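Student: Protein sequence lines correspond, in order, to chains U and H.
Quick note on numbering: the first sequence equals residues 368 to 617 in the working numbering.
Quick note on numbering: the second sequence equals residues 567 to 878 in the working numbering.
Simulated from the structure, these hints should not be mistaken for laboratory data.
Everything numeric in this text was worked out from a predicted model, so none of it was measured.
Treat the hints with caution; some may be incorrect.
To be verified - Have a look at the derived ranges for each label pair, beta carbon to beta carbon:
no.	chain 1	residue 1	chain 2	residue 2	range
1	H	L745	U	L375	57 to 63 angstroms
2	U	R446	H	D743	35 to 41 angstroms
3	H	Y577	U	M514	17 to 23 angstroms
4	U	L375	H	P691	39 to 45 angstroms
5	U	P510	H	Q688	25 to 31 angstroms
6	H	S633	U	T507	30 to 36 angstroms
7	U	A602	H	E806	57 to 63 angstroms
Every residue gets a Cβ at the ideal spot worked out from N, C-alpha and C, and that includes glycine.
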Amino acid sequence: MRVLIPYLLRLALLVILIAFLVVPGWFDPLLKPLVRDNAPAIYNQGSLLTLTLLHLRTVAIATTGAILVAVTLAILVTRPFGAEFLPLSRSLVNIGQTFPPVAVLALAVPILGFGEKPTLVALFLYGLLPIFENTLTGLTTLPSSVMEAARGSGMTDRQRLFKVELPLAMPVILAGIRLSVVISLATATIGSTVAAKTLGEVIIAGLQSNNIAFVLQGGLIVGALAVLIYDGFSAIEHVLARRAGLPARA
Amino acid sequence: MIEIDGITKRYDGNTVVNNVSMMIEPRTVTVIVGTSGSGKTTLLRMINRLVEPTSGAIRLDGEDNRSMPGFELRRRIGYAIQGHGLFPHRTVAQNIATVPVLLGWDRARIDAKVAELLTLFQLDPAAFANRFPHELSGGQQQRVGVARALAAEPKVLLMDEPFGALDPIIRAKAQADLLAIQSLLGTTIVLVTHDMDEAFHLAHKIAVMDKGALVQYGKPAELVKDPATEFVQTLIGTSERPFRLLSIETAGDAVEPGPADGKPLAETISQRDALSELLWSGRAAVPVVAADGTVLGKVTLEGLTRRAAKPQ
Ligand SMILES: Nc1ncnc2c1ncn2[C@@H]1O[C@H](COP(=O)(O)OP(=O)(O)OP(=O)(O)O)[C@@H](O)[C@H]1O
Ligand SMILES: [Mg+2]
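This is chain H alone, in the form it adopts within the complex (with noise of 0.2 angstroms):
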């Protein structure tokens, strides 16, 4: 759980985050978007206190984030940024090994950790442990900044845009990834983004910023239904509201009984994505199954309308 209660941070008098109060559930995504310049940067580095707050606290599960050295904060809080930052003179291993050696982690621990981590990201370790970041591509780069973010399993992941700088393939790779990585660890992940595509496919909860301010903060399906204000509206983008909200769930989500034909889908695509599949197949069902083959029913036309239809 993190608590931000009343945050401010002013530079020379310019406020930059007024005033912002949000709670953060556990094991849960938060995406903070808005526009350049909002202060989503500000806000997300004065929770591992890489910047000071002008006023207002953040509780960490209750307690308040000044009462250890801001060192010692930041090794119990994954951090990972656009560009990954990986330390160019280290190794992969050593890059990921980066806060277990600074908390005094023994070898063998280490070692395992960095192992387990590599093979989570399907990097092999074998392959790619002693190489140094320049020999990876810059997919595999931001997979090991990610991996070294939470080599200390810390509850907490901070991201800053981390598949900006990626291209849209791997960048739809990196997503699915985090996703199954953050259930899998139960990681609490406060992810910042420019795209709405992003917010919306990873987001349990997203925070709209405009202006320092924190404008809208709510489910992905609210912030269709209900936009704050004129500036959520035009951040989400007036056509692409039944897209949106068919981006949130799953095709698993909105299986129903029964059979259908045709090759078919897997539970774990957006719906948005299989619409697009039915309309260009010309099908008005199409069958879904589980990863293990399992035939969980079908997903249709009319079913996927009355779902983008605008929430009563």
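Here chain U stands alone, though its shape is the one from the complex (with noise of 0.2 angstroms):
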């Protein structure tokens, strides 16, 4: 029964999160009080289920971008051929996570536009750190003995990476994909400040006509989404790690 509970929790707040998305009505009661006078206790500028979605998409297209280019980058300075560029490319996906997103909103905005196209570009370069440098870990870390097992029966360099290196490695990869993922969740927000359909009109809003109630479920919804993502991946790690004999590794 207590292996269950953490399991049910998850469950609950998945539950919790789709009723409030889909009949956001239910929980007025709850969030009311928040509010003075007759100011709207539900966002009411648009649908939530939507803006979640569009949220969720703005992350996935920016995820699914780092990944590419992240795990391109890392396989291609693990090579023989490409190791000069390590420190390099180390270089500049450290610029990546250490420029402000904001920054980079306000500089891609008079090239890309208002929208969704300047909020990517952003959560796109803050993403590519915890990607790079996991799949860097990964694949550096092969125990020797099996990489020596690998070239001596025969295998090519393609045929080493696909079928050892990359498996034995995705452990270690999908982590740092769940931290970006995670990271951008959280940076899609100001993403609205651009005019980017996502959550953070919630919040946005709530701030401009002083709506705590708009504030909070606007980030409440955030985080919900980022533990079960957070988690979900966390549970793939797992299995992935287990079958494959290695030490779950953080």
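Both chains are sitting in their own frames, so use the hints and assemble them into the complex.
Tutor: Structure (structure tokens):
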């Protein structure tokens, strides 16, 4: 029974989240005490469900791009011919992470205009680092006897990469993707400052009209999404790592 | 036949293997010994081109090993290493099937080969084929490692300290299994070890490496009789000499006609173990039997003592 509790809690969270997005009216009494006078307690300038789906879509597109670029880059710089580019690519990716997303938005808007595009660029740059670093770690800490056996049994470089290196590094790569997704989920809210359709809209609307209920529900939806997605990834990593007989690396 | 012809390997001006030449006869076991850092692994890895030599050539059945891409060469040569190097994300059957899959064998042939090898290594296919390496004991992992190296029926098997991580009892069993499988399949084996007992037990010929050079290459008995250098002498161990001689051949090779009393010995045990048994049981002679139980004759304390003396 006790082992079931964490799963039940997550299931409950999922059910509440879906209910809130589909029939927000049910939660009106809960949020009402937070607003003054006759201000609405539930966001009323658009559908919460639609905003959530758009929010997720933005994160998914940006993360997919970050995965493709970061994993490819990490693979290239761990090959013999790419080794000399390792320091350079590390610095580039680090800059992507240290450059504040807000600044990226400000710089991207004049070029790309308002809306989703500058947000995608900011999230993409911001999400590269964890995936890149984890893929590097995964590919460079493989057991040497296994790599030796792969070479010794006559695998080509490509076969080693796809049949041995990537499968064994997968749990660590997934951990990087998980971090990246969670960071992006939160960061995507600022996209609404440049008119991207994300849950940030709800929070900004709340700030503008001094409506704490709006701010809270926007934040809580993002938080719930992050928790659920984080746990989902962790579970997949765990299964993969256990199947491979690897120690479950965090 | 493996011809190693004037092979040298240098790393940044450091000569690690120095102008080594040797001929390895087909269907024999050659053991390379020497101190740590003497270049044994490097020499072995130049045979399947995991390391490319600085100069010299290696020919397999007369064919230069650079006449094909390295990965194709390695699919034809078995390779087993210390710590087995099994792929942790693949089952035992998938591990064993590695090279056959790379060679594009059809499914039925691969399955048959996997089952055959598992049985040969005394692992029940039904119980082991679908396990993952971490679900096996060290000894079982090691057997799967050797089975994987033999899966594509290579003529040559290279082994780098394959039994180094095993406890003495499992190691003795693994050595006996290897000899049985080698004579069954007729594989040419080149094996690197630190363990002189293992070398004398397994080798048809022993190659001694010292600081990158091949200082002696010959039958085990020749090494005991005429060590080429002080180093070979030390490696063999002066006080070990008579026992080394006895550990080369089996009790079956020392059988004399005539009856003897008491519990018989198997013909496959070494003469050294036979002597030990005679000394321990206080007998002067003991019967020797074949695997099917037929009495072949006896070994005697006197006969073994004669065999342990310095060869004339
Ligand atoms: N890739 C390499 N680069 C530079 N030096 C190397 C390389 N590989 C091996 N060496 C050096 O070559 C020498 C011989 O190494 P090798 O692994 O062949 O020794 P070994 O006889 O197998 O030793 P051990 O018994 O400890 O396994 C060592 O001094 C080692 O440091
Ligand atoms: Mg070595």
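Student: Against each hint, give a clear statement of whether it holds in the structure.
Tutor: Against the structure, the hints:
no.: 1; hint: H:L745 with U:L375: 57 to 63 angstroms; result: holds, 59 angstroms
no.: 2; hint: U:R446 with H:D743: 35 to 41 angstroms; result: holds, 39 angstroms
no.: 3; hint: H:Y577 with U:M514: 17 to 23 angstroms; result: holds, 19 angstroms
no.: 4; hint: U:L375 with H:P691: 39 to 45 angstroms; result: holds, 42 angstroms
no.: 5; hint: U:P510 with H:Q688: 25 to 31 angstroms; result: holds, 26 angstroms
no.: 6; hint: H:S633 with U:T507: 30 to 36 angstroms; result: holds, 34 angstroms
no.: 7; hint: U:A602 with H:E806: 57 to 63 angstroms; result: holds, 58 angstroms
Hint compliance for this structure: every hint is met.
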